[in-house]
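Asker: Assemble chain B onto chain A, guided by the hints.
Sequence order for the protein chains is A and B. Position one of the first sequence corresponds to residue 0 (numbering that gives the first Met the number 0), numbered consecutively onward. Position one of the second sequence corresponds to residue 0 (numbering that gives the first Met the number 0), numbered consecutively onward.
Source of the hints: derived by calculation from the structure; they are not laboratory data. Treat the numbers as computed from the prediction; the structure is a model and nothing was measured. One or more of the hints may lead you astray.
Once the Cα atoms are required to be at most 25 Å apart in a straight line, the calculated SDA-like pairs of lysine to any residue come out as [what the hints assert, rightly or not]: (1) Lys-198(A) with Asp-166(A); (2) Lys-88(B) with Ala-58(A); (3) Lys-92(A) with Phe-118(B).
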Amino acid sequence: MFIIVVGGGKVGYYLTRELIEAGHEVVLLEKTRARAITISDEIGSVVLARDGSEGSALAEAGANRADVVAAVTGDDEDNLVICQMAKHHFAVKRTIARVNNPKNELLFRHLGVDEIISPTRMILGSIEQDIPVHELLHLADLGGGDLELIEALLAEGSPAIGKASADLPMPEGCTLFAYIRADRAQPVRAETVFREGDKVIVIGPRDCEDALHGTLIGTEVEAGAV
Amino acid sequence: MNDTRHAPIRRIVVSVNGASTDPLVVEYAATIAKPTKAAIVVLHVVEIDWTLPLDGSAAGLSEEAQRILDIAEASAERVGIRLEPVLLKARNVGAAIVDEAAAQEAELLVLGLPYRTRFGGDFVMGTTVPYVFKNAPCTVILVREPMPEDGA
Numbered sequence: 000m001f002i003i004v005v006g007g008g009k010v011g012y013y014l015t016r017e018l019i020e021a022g023h024e025v026v027l028l029e030k031t032r033a034r035a036i037t038i039s040d041e042i043g044s045v046v047l048a049r050d051g052s053e054g055s056a057l058a059e060a061g062a063n064r065a066d067v068v069a070a071v072t073g074d075d076e077d078n079l080v081i082c083q084m085a086k087h088h089f090a091v092k093r094t095i096a097r098v099n100n101p102k103n104e105l106l107f108r109h110l111g112v113d114e115i116i117s118p119t120r121m122i123l124g125s126i127e128q129d130i131p132v133h134e135l136l137h138l139a140d141l142g143g144g145d146l147e148l149i150e151a152l153l154a155e156g157s158p159a160i161g162k163a164s165a166d167l168p169m170p171e172g173c174t175l176f177a178y179i180r181a182d183r184a185q186p187v188r189a190e191t192v193f194r195e196g197d198k199v200i201v202i203g204p205r206d207c208e209d210a211l212h213g214t215l216i217g218t219e220v221e222a223g224a225v
Numbered sequence: 000m001n002d003t004r005h006a007p008i009r010r011i012v013v014s015v016n017g018a019s020t021d022p023l024v025v026e027y028a029a030t031i032a033k034p035t036k037a038a039i040v041v042l043h044v045v046e047i048d049w050t051l052p053l054d055g056s057a058a059g060l061s062e063e064a065q066r067i068l069d070i071a072e073a074s075a076e077r078v079g080i081r082l083e084p085v086l087l088k089a090r091n092v093g094a095a096i097v098d099e100a101a102a103q104e105a106e107l108l109v110l111g112l113p114y115r116t117r118f119g120g121d122f123v124m125g126t127t128v129p130y131v132f133k134n135a136p137c138t139v140i141l142v143r144e145p146m147p148e149d150g151a
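Just chain A, same shape as in the assembly (with noise of 0.2 Å):
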């Protein structure tokens, strides 16, 4: 596979480096120059010292080629342009961005970035896991942004506790789909009956949240609490 990796910092250093020695042919740019001289003396020559936010520096670069282009600078509105260029001046099949701040991520995705990495997203759901922030927990994102996978933790005052799933009023399009009770992860069946502590695990559309949370935490919705 041609993968292009625009921004020599510390992730596209690594992404470079690894990707390499997966096999793939890769091209980092870095519009540093002595932090590209760097890294070529480092990885090797596969590092050209240009502004990978221009149209030539894809072109150069051989973006008419490749199979993937990752936008892994430390700036969002760059990784944007690099993504946007990718896909439709060049039209490559895939295209990856960092995000840096997270509330850039439904732009990104309306702006038709294929993949969206935003690593505050992920240390921010790590921290939750353990430590739930919010009654409702974002997982993921699926087919997109369409859809997202969310857990809810069942305390106290819950409506949803000691009834059975059937019973349970979900919100059109979401759908309860397992459960974890003493830390093990079991499918949701019609006559599951929920107890205090268990997380629930749901996927539905975006804009259920308030209606989910008024169905399994039972209080009202802090404004943007998940």
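Answerer: Okay, now just chain B, sitting in the frame of chain A:
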């Protein structure tokens, strides 16, 4: 410090690129090789830009590369030596020369530099020669073309 003055030279890599210095480089390498009967590998690297796959066909480039190697072999025949031609395709000529010198376990690498100046008179070294000087594992000899009589 290691004293390498008397290290026997058994294998020489000569880099040619179709420039006017090629015959000069081959003849110079032959002069060094003859007393010790050292083998000479003549290397030409075709630089392929990133818009093309490295393993794809480089139509037109191969014929030109072969012509460059043929000229080098003809120069060698004139001074009575035989060459082992090697043709490589790479993204970076300097890196390919260094890698090949290492792979061939050459004791000496010889390359040429035409006498060129920029507008304004500054001498042009290019990027390959400094790269090879910095990274080659063996002794490197650079054969610079004589300065033109008009002073470049």
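Asker: Run the structure past the numbered hints and jot down the numbers of the failing ones, going up.
Answerer: The structure conflicts with hint 3 only, although it agrees with all the remaining ones.
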